[in-house]
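Student: From first to last, the protein sequence lines stand for chains L and D. Per the working numbering, the very first residue in the first sequence carries number 1; after that it's consecutive. Per the working numbering, the very first residue in the second sequence carries number 1; after that it's consecutive.
Careful: at least some of the hints might be erroneous.
[To be verified] For lysine to any residue, the following SDA-like pairs were computed, each having C-alpha atoms within a straight-line distance of at most 20 angstroms:
1. K448(D) to H132(L)
2. K36(D) to L312(D)
3. K183(D) to K117(L)
4. K117(L) to L312(D)
5. K183(D) to S141(L)
6. K448(D) to R502(D)
7. K117(L) to T302(D)
8. K448(D) to E89(L)
9. K183(D) to H132(L)
[Said to hold, decoys possible] Reference listing, derived: stretches of chain L covered by chain D, where coverage requires no fewer than 3 residues with Cβ under 8 angstroms from a Cβ of chain D:
10. 99-105
11. 239-247
By construction, these hints were calculated from the structure, which means they are not laboratory data. Source: prediction; values computed, not measured. All residues carry an ideal CB built from backbone N, CA and C; glycine is no exception.
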Amino acid sequence: MPQTELNLALEIRALRKTFARPAVDALDLRVRAGEFYMLLGPNGAGKTTTLRMVAGLLRPDAGQISVFGTDALANPVAAKAIMGWLSDEPMIYDKLTPLEYLAFVAGLWSVEPDLAKHRAHDLIRWLGLEQHAHERCEGFSRGMRQKVALAGALVHEPRLIILDEPLTGLDAGAARLVKDVLTERVRAGSTVIMTTHILEIAERMADRIGVISGGRLIAEGTLQELSAHMGNTGASLEDMFLAIVGQDLAAE
Amino acid sequence: MTGSASLGWFACHELRLAWRDMLSMMTAGRRDRERKIAIGAAIFAVFMHVVAVLVLGRYGTVSGNPGLPVLIAVTSGVLLSGSAMLSQAMESVTRAFYTRSDLELILASPARADRLFAVRIVAMAMSVSLISLFLIGPFIDVLAWRGGIKWLAAYGVIVALALAVTSLAVLLTVILFRTTGPKRTRLVAQIVAAVIGGVFVIGLQMGAMFSTGTLSRFAFLRSPFVLTHAPDVPSALWWPARAALGNVTCLAATLGASAVLFLAMTALMAPRFADCTIAAAGAARTAAPAGRTRASFRVRATAQTLRRKEWLLLLRDPWLMSQSLMQLLYLLPPTVLLWRSFSVGADVSVVLAPVLIMAAGQLAGGLAWLTISGEDAPDLVASAPVVPSRILRAKIEAVMGIIAMIFSPFVVGLALVSPFRALIATCGIAASAASAIAIQLWFRSQSKRSQFRRRHTSSRIATFAEAFSSICWAGAGAIAAAGSWLAIIMVIIALAIVAGVRWLSPARAHGDITTAMLMTDYAKRAWIA
């Protein structure tokens, strides 16, 4: 089926960003609406830089970014309105309670107050934070902070959810909860783009996987497509990933 | 040679950390700045000596048997320095309780923690005395140059004073800890420290206003009221003053008493530090109990949402009190002056405008740093569907709102005495606050709110420019309030400072202040990551 702009959640064309050396190098990427897309790559591959440019946190040197057909560079406010961003380091306000934090986030995204309140309480309950809903976040563990930040990324029900290493530092229970929440969101029609270094999670959760190295997309597809690409060896994603990245580095 | 985890070993460890910390604070982490900082410190020292010559040049010649007025004046100077040092020491002790850094590592080790805390108390005393020596030293040098070498004994008095006030600070803070509990001590200690730091000079000003009707402390100290109520010349209370004037016996007694007090307090309190820090750590991990706060999901414009968040965070900021309370306390004397001039019809309101303008500029600078640079969730705010200029505007409005709220009552009171001077004060407050906010905006660098105390390290230019612009606006206000058109010269200087800072700022290089700075910060962070 041809991919029209409307059924693409994210379309990136010839995206470039250079710091001391190219971090993202003429990257092309397409993510379909409603899919769970995992972006993998070694450290310094350009994953975070790419996602930060999509989220409007970094200005690209060149290229185009389109979110559900909206030009994110020409009209960043409209694009941001339908996106949710979660960084690997949970950035929340220590002196606010989870509910106050969610009220603030809902205010930023102009969510209708009754709806925001209802969603905030649902998220708090869902993430197991009811007992701490009125406590300030300063005493929270890393897992609890990550849950509050995740609730903030979801309270405005974004159509595109972008998560950069959301499972870093979480215990098994918290990680499971986050994965369940994201799976449910995809089932409800949202699109999730996520980076991770835990390849088992990518193997289990992703509809499609993109491998990025040196700022370029070097492989992409479903698990089966990647396996076929590697010659149907029955290898795990970890083996395939190491082989793909190794080939790319050798080619350089 | 120092054994592992011995007092000497801890002292070496602390010394190394303190040296690197100080270097990092001075150079903002840039190695290439070390030479510039050394040159800057030398210029500052020369400048302070010039100021000391201008201020004290004629006071050096004191006879070997000083009279009561001299003893009162010197004792006042000692008490003035002591109150500021005690304030600083209390803040250091409180910070030692609540700053985690390496404490968990040391407390979890088999080393004796009381040794570390003993070393840290000594370090606090050293820090307090070094800062005081740096600031007061030039004045002592000038007195020694003009009045003889005996004045160098004042250095010994400063060291004695540092030992005594550090002992007192440790005792006061531990008592506060025991009485108010670990959760409240941080706030209470900051208030107490700020009050102590300002109480002596404010008290003198209050006394001066009630006895002489002016803000002059010198006039008050020479007044018949003080001279008749002061202890007689032979009293032991004058020993520190005599020591500062070169009496060797008094100097030895003052130093000895302070050293004994300090050693006793260190031996007594060092073991209690571990208990206090553990309790403070427990308090930090305990969040506010449920049901105290209620989130508001009312309909608000985005700007209102942002402003509300900033006000809420400022209200709950644990260190804001110590950084801003002093500026607010210094508004007390002009308030009393205002009240007196209104009640007795005296025309002394001319001094109010510059005080208000200066305080507004200083307060606005601190608040602007917290709201603009101290954004703890920059990703969240930047990824929201709001144009960056609107975010910055809301933050600026939040600061200006607080300034308006604090200073309006003073301006209204002033308007009752002199509408013209109230108008001058209003314009000056707005200009001074706007200048401070603009400087913070141009030199913004993304930081954590907890770095508030070290905000000055990010840019020395911004720090000095903020202070000088406030001084110039205050000067302009004073001259204008006196009815002279020469105020325009100070206005031009203030504007030139602001324009010069804008020219030097990183924001100008990027052209677009609203987005370029955000993007640069994020680019740096992403690249480092």
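Student: To test your reading of the hints: which numbers does this structure violate?
Tutor: 1, 2, 3, 6 and 11
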